[in-house]
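Assemble the complex: chain E is given as a structure, and chain Z must be docked to it using the hints.
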Amino acid sequence: MRESRARYLAALALACVAAAAWLLPYAWMVLTSFKTLPEIVAHPTAPLPEHLDTGAYRVVFATIPVARYMGVTIFMALAIAALQIALALPAGYALAKLRYAGRGFTFGVVLACLLVPAQATFVPVFLLFAKARLVDTMTALVLPFAASALGTFLVRQALLGIPDEMIEAARMDGASEWTIVYRVLAPMLKPTLVSLFLVSFVFHYNDYFWPLVMTTDDDVRTLPLGVALLREQGTGVRWHIVMAGNVVLSLPVLALFAVAQKHLVRAVGGRG
Amino acid sequence: MRPRAPWHPWAMLGPTLALLVVFFLLPIGVAACASVFSWDMLTPPRYVGAANYAALAAHGQLLAIALRTLGYSAIVVAGTMTLGLGLALLLDRPGRFFGFVRASVFSAYVVSWVAVALLWMGLLDGNAGVVGWVARQVGAGSLSLLGDPRWALPTLAVVGVWKLTGYSMIVFLAGLQGVPRSLLEAAALDGAGALGRFRHVTMPLLLPTASFVATTSLVTSFQAFDVVRIMTQGGPARGTELFVYAIYEQIFLNLSVGRASALTVVFFVLLLAVAGLQLRVWRARGAGAAR
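Protein chains in written order, with my numbering: chain E, 1 to 272; chain Z, 1001 to 1291.
Just chain E, same shape as in the assembly (with noise of 0.2 Å):
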């Protein structure tokens, strides 16, 4: 059942197209980033800048502290990836393979919170961290999150399918119940765990909403909102100074995503 040429031609063609719609946008915005204002002013639309002027992204490093947000940022992203590891294993071999009352009950439990965004949580979120004082602290950032009922319900998944005889032998080697979890069975999860980690990686990094609502002052303000308050600085035609600030954003995730697209890939294809 082979292709016909013309057919695979016309394939092609409608890729390139594709390609042209998804690329094209991020082609502007780097483009755009090396022009200067009397440029855009002159020639708003003018598709290559006259030469590369990096005066757009000095803007940027002078205007917000790209590097401490830059920090902040990847380290609540990396804490909050790593806690729902770490707290993950043991929850969802407690679901998967001990048997104790209350186990369907507690199951029920981690199902219901996966129906529950952080959308519909934060006004009562917000006032609990306002009346214990976290507000603004890296602590209403990361321990909202610190436990991912998705996670766990994957870790279960993934530990259904180990063999119980695995857990007995390592049991009779003497091996405490915590080592099974973190030395025995975590290394065999290896591809879960690391997509797990990856999409939870890039979803806070990338995370927008959360920050806004319990932040207000810079000491924990994330990157993407230092990067959507660079527009709300400036007047309209700014533009090359925005996508300058968008380009920081997005180089760090771009470069994650090309070298290790394949987990990210898997872990939202899922098994098919």
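Careful, some of the hints might be misleading.
Away from chain E, derived, C-beta distances all over 10 Å, residues of chain Z [as the list claims (entries may be wrong)]: (1) Pro1044; (2) Ser1211; (3) Leu1218; (4) Ala1237.
What follows is a list of derived Cβ distance ranges for each label pair [stated by the list, open to error]: (5) Z:Arg1150 - E:Lys131: 42 to 52 Å; (6) Z:Val1134 - E:Ala258: 23 to 33 Å; (7) Z:Arg1096 - E:Ala42: 38 to 48 Å.
Calculated from the structure, these hints are not laboratory results.
Positions of the beta carbon are idealized from the N, C-alpha and C atoms, including for glycine.
Frame of chain E; chain Z shown alone:
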């Protein structure tokens, strides 16, 4: 397996359960309680019964928010599913070039909403943007899609489609791997053309995948906030005030905890209806995968 000590399961689940209950289950209850009070976070709360709900429902405001959100979701779901399926069929071919195009489309899903929203604001800008330039070339004059109450919401939805098509494409591609080549070849031997093979072999086998994509996209788009906050702030003339943004406005701009909570409760109930649907689809998908 028997736990070695009866407290082991609880020690292992404890932190997870405690955090999930505190940050995901209790808040819904707290919102329900707070929704019957009037509170501005400065003066003491005052019990008002259902007044918050009544005030929101007055002049059809609540209904308008719900319909607007559903309208946004409808465009996003229809758009991402059509494009995602089309691209999956188109790009499910061997070779580096097709792989590169797949990665390009999917990259928009990986990049932050902030970057995507700002990028499209630039592209849509009447002066400097590409869309404004095209409009001038075809003689449409100065066009401001985001400034027009009729066009702002569909425009946001199109940005959403651009961002999320990569997701549905990837899930459809995974689904396509589950369509056995032998079946397609058998159909071809029986004289089925490309269209016939799609209609009678691929499509029925992709149906569980399609309903999975539809429900997850519906839930995701129903929670849209970032595009609104960044691109339109709910305007013009409230034309893009979606649910989550309306909640945000109530608590942070109007300082009305009661109304924000009432909106949260309604939002959650609607979401539950949608998510209940999603869970049924997931079950069906799980059963399909185990087949």
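Outcome of the hint check:
no.	hint	verdict
1	Pro1044	holds, 14 Å
2	Ser1211	holds, 14 Å
3	Leu1218	holds, 13 Å
4	Ala1237	holds, 20 Å
5	Z:Arg1150 - E:Lys131: 42 to 52 Å	holds, 43 Å
6	Z:Val1134 - E:Ala258: 23 to 33 Å	holds, 31 Å
7	Z:Arg1096 - E:Ala42: 38 to 48 Å	holds, 40 Å
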